[in-house]
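Chemist: Same order as they appear, the protein sequences are chains A and B. Note that numbering that gives the first Met the number 0 has the first sequence beginning at 0, numbered continuously upward. Note that numbering that gives the first Met the number 0 has the second sequence beginning at 0, numbered continuously upward.
Read the hints as simulated data drawn from the structure, not as lab findings. Glycine included, each C-beta is placed from N, C-alpha and C at the ideal position. Please note: incorrect hints may appear among the correct ones.
Pairwise CB distance ranges (calculated) [stated by the list, open to error]:
1. Glu199(A) <-> Gln310(B): 49 to 59 Å
2. Ser199(B) <-> Pro191(A): 30 to 40 Å
3. Thr237(B) <-> Asp155(A): 47 to 57 Å
4. His230(B) <-> Glu199(A): 57 to 67 Å
5. Glu199(A) <-> Arg157(B): 41 to 51 Å
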Amino acid sequence: MTNHAPMLKPVQDVGIVGYGAYIPRYRLPAREVARLWKSEEGGLPIREKAVAGLDEDVVTMSIEAARNTLARAGINPSEIRAVWVGSESHPYAVKPTSTIVAEAIGAVPHTQAADWQFACKAGTEAVQAAIGMVGSGMAHYTLAIGMDTAQGRPGDALEYTAGAGGAAFLLGPAAESLTIIEGSYSFVSDTPDFWRRANERYPEHGQRFTGEPAYFKHIEAAAHTLMEALGSMPADYAYAVFHQPNTKFPQRVAKTLGFRPEQISAGLLVPLIGNTYAGSALVGLTAVLDVADPGVRILVVSFGSGAGSDAFSLRTTERLAGRQGLAPTTQDYVARRTEIDYATYSRYRGKLVMK
Amino acid sequence: MHAPGSALPEILVAGVGLTPIGEHWEKSLRSIALEAMTAAVEDAGGLRPQALFVGNMLAPALSAQTHLGVLLADFAGWRGIEAATYEAAGASGGIALRQAVLALASGEMDRVMVVGVEKLTDRIGSSVEAALAAAADADFEAVQGLTPAAQAGLLMRRYIHEHHVPEHGFAGFSLTAHANAVGNPRALYRRAIRLEDYASAPMLSDPLNLFDAAPVADGAAAILLTRGDRHRPAGERTPIRILASAVATGPLALHDQPDPLGFEAALISAGRAMAQAGMAARDIDLFELHDVFSIYAALALESAGFAERGQGWRLAAEGEISRTGRIPISTLGGSKARGDAGGATGVYQAVEVVLQLQGRAGEAQVPEAQVGMGQCLGGAGATVATHILARADRL
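Model the full assembly from the supplied sequences, consistent with the hints where possible.
Modeler: And the structure:
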């Protein structure tokens, strides 16, 4: 090891000035997937997943989340100096999602715009960079978004969980923040647990290899390292959010790390919306911020296949109170629900290929 | 010296080693094999082998690696020695052991290492299934989609029909294996299961359910053998001798077997081994059979003479295969719960028999074991290798 100070800490304190979620209204129950593919219903990984409608994609959903974020932040969007969108469902292979989002929210033209890609941690990777840009003094505000309309091959185990949704975060000076970033950390390795090659419609995965050597190893290492650097303990956190590919994984990693079920329950959305990939840990954080009191600590650890984890230690401020109600809460979106069957899902998600 | 009873010269076990069976994602085929071989060499007080016999089935298909003999000899630091791989599907390890016995018996060699190794977790799902199915007749079985589980399902259905086996009649094999594995720290599944677990398991190939089938995973086992008249193992440890080594084959394709439930190759192989050792089934204290599917455990018990035809399942149902029963099998969990490392199985069995005979099986110890038999199967009983080992101090 050459790096003896692994924690990431900007020269100026940074925090979250605004946050916002978006989850589409349609729900595909896991039992409906099991019905079609003749699977056992005993061990379904979630209850149901959120599905984007015909007129929705990562661009439109990111704009929704960004507008909710701006409503809570109450700032002039022209002051945003970076609009970064992390996703594995960018509508274009070449042409940024982020310029469309930046234009739609009024952040252009004096801004950076770029798309991030790192499987399910593309969004938190954007947050890390956004912290750095504000913390270095290059920008007053930066906007980082994690959003997905995840792809699951019909009949594959991931089809049960591959959901849609995500969240946006406006990073800015600590003094204006609803939540201070106490420190962050990233842990990566070349671990091929899940991938989608260029021009392929659906991802592939290493089945059981996605667990122990991928999800658990990276999340546990990132969480341990950050807490050790901060001198914090699981009991110091009111809430914890871990990447949520299914219900069991975050529950197990929380237990292994020493967190109690009640610390993760507020942010554990996967049973009701599925795995929102680049949005997963971030949308969980929005649900926590909706209910958190000022002065509490929150640990967030994402996981992206390929593989890596970003860990963040946060502390809410007095400014959080009063901002939560300025936009729809994440639970409002969870409750906004229209159930669809597999046929409708097939149509909405373009599973019926007619030529 | 030909001791009373055995037709073989005195072949002794100098040392044994094995790795836990598991999903060793972070280890390569050669690392797993080296772990087992190093343990066997240490167990033998640092003895260097003259030759290495490798048992492996899947490396060409799943690791794109042939030529394991030299790969492993070189990796172990034994450049110059003779080395080669022997392949006979799930019986590969038993065949490699048999070749080592022949080499020692011929007088050509004094010290031989046998390693069985399998690395499956570098590939997933259908590619592993396809590689395993290649052990059947590729032109007439595998090409039709007949997998090992499907073969076993067909045999189990016929057995239940002919012998009027009640529902869950095979459960005892799975329950015993899992109960035994609890005492084996190197087992893949160290958890006892209940009849309800067995009864509610998902179906793999009706009537064969998930708990009738052994889980496949990575592993390696090694055994270092010497000719007793030229190299006697040092130390206080109970000397173990190989009394018999026999291989037999039958038709490869299930549909070519005139009497599929007769398990003829197993009958011939076990019969030859017992004749070689000058023993009968009643002289065997434990039997490490190849319970890759529970139906094969029943057929192996019958063909080796531990049960009448059609009655093998009753031994399991009546508790006769437990460590204190009439004929203990899968004493450290067997393929079902210790885990099945494909072509390494025959060597795992031999090592486990040695551990039992030397009183080194810990919580899984079979009391008073003096003679043990190991038997591995290639395909649906197409190749069968049987070995009988005994405490040399009690002969």
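Chemist: Now, for every hint given, state plainly whether the structure supports it.
Modeler: Evaluated hints:
1. With their beta carbons about 54 Å apart, Glu199(A) and Gln310(B) fall inside the hinted range of 49 to 59 Å.
2. Between Ser199(B) and Pro191(A) the CB atoms are about 35 Å apart, so this pair conforms to the stated range of 30 to 40 Å.
3. A C-beta distance of roughly 53 Å is found between Thr237(B) and Asp155(A), which places it inside the suggested range of 47 to 57 Å.
4. For the pair His230(B) and Glu199(A), the supplied restraint of 57 to 67 Å holds, since their beta-carbon distance comes to about 58 Å.
5. Distance hint check: the CB atoms of Glu199(A) and Arg157(B) are about 44 Å apart, consistent with the given range 41 to 51 Å.
When held up to the earlier numbered hints, the structure conflicts with none and fits them all.
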